[in-house]
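**Q** Sequence:
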Amino acid sequence: MRAIDSALTLCRKNNRNLTVLWVKEPTLNCSFKELFLIPENENFELIEYTNKLPVPCLKKINKVKAQNTKVNAVVENRELNKIYNSKEHVDTLTISEMDSIFYANVKELINPIFDETKTHSYISSCYRLCKIEDNYSSFAPTLDINEKVKNTVNNYNNTIGIHIRRSDHRTSIRYSPTSKFVKAIEDTLKDNYNASFFLSTDDKEAKENLLNKFGSKIIVNDIKSYDRSDASAIKDALTDLFCLSRTKKIYGSHHSTFSQLASDIGGIKEITIK
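This note's numbering puts the first residue of the sequence shown at 1, with every later residue one more than the last.
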């Protein structure tokens, strides 16, 4: 979402069309259309592939479109990764702070892509490429996901979001242990016992821990799977994301783009627990 949203912003500013190559693979085994409505009022085209890398598909795309498109500018993720250089700042900076540094440094690489002589360009990125302009308004969840979000949000009452990232995210595990989230909840309840908390996590143990300790103060969605190769797990994660975005503020995990993305969508404060 972060990469596509920033690409939409850049294309809008430079009067360009955007073609998104959406690849279903083991870590994101779900189609775009199962998650989002196609953005309206955007020069946006979606091409979906299964278990194939985008770059080798470019020639096939040209054949399908029956045109002799020449890609004359390419930016690959490995180049962007060198600029991001997260290891240098992982101990001290948040995702938002890292993004600000990255936006300033990446301009030299990205701006030439939109030169008028570069009629067809290709970017491979897991990063946002520019500042947020409209809180991800181009991303509307499908009707079924939106309905689940509404049903959960109807239970909110002075609700704060909690996002505990675990799984393969070593930085969040190291700097944002569950014990610190427990303390943040306890401190909040001391000041406002009427507060409640929506919990999003990819860790069953953390979920059970908080439910056992705080009971009805914790609101959760019914998660069918935590396996990224399962489309239902991706849908559940997106449901959680939009539910988090509808809370009053978020207690998030260190260096988690999920925590930051939810706060950006909702235009709410994200407090990194560390």
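Warning: the hint list may mix true and false statements.
[To be verified] In the EDC-like style, the derived pairs of lysine to aspartate or glutamate whose C-alpha atoms are separated by at most 20 Å in a straight line are:
#	residue 1	residue 2
1	Lys249	Glu186
2	Lys13	Glu108
3	Lys269	Glu97
4	Lys13	Asp115
5	Lys224	Glu205
6	Lys180	Asp144
7	Lys13	Glu116
8	Lys183	Glu205
9	Lys213	Asp227
10	Lys224	Glu208
11	Lys13	Asp134
12	Lys235	Glu147
13	Lys180	Asp191
14	Lys150	Asp222
15	Lys224	Asp91
16	Lys249	Glu205
17	Lys33	Glu45
18	Lys33	Glu205
19	Lys180	Glu205
20	Lys24	Asp230
21	Lys217	Asp187
22	Lys24	Glu45
23	Lys33	Glu147
24	Lys204	Asp227
25	Lys180	Glu208
26	Lys224	Asp203
27	Lys213	Asp230
28	Lys269	Asp187
29	Lys274	Asp91
30	Lys207	Asp144
Calculated from the structure, these hints are not laboratory results.
**Q** Could you work out which earlier hints the structure fails to respect and list their numbers in ascending sequence?
**A** Of the numbered hints given earlier, those the structure breaks are 6, 9, 15, 16, 18, 27, 30, listed in rising order.
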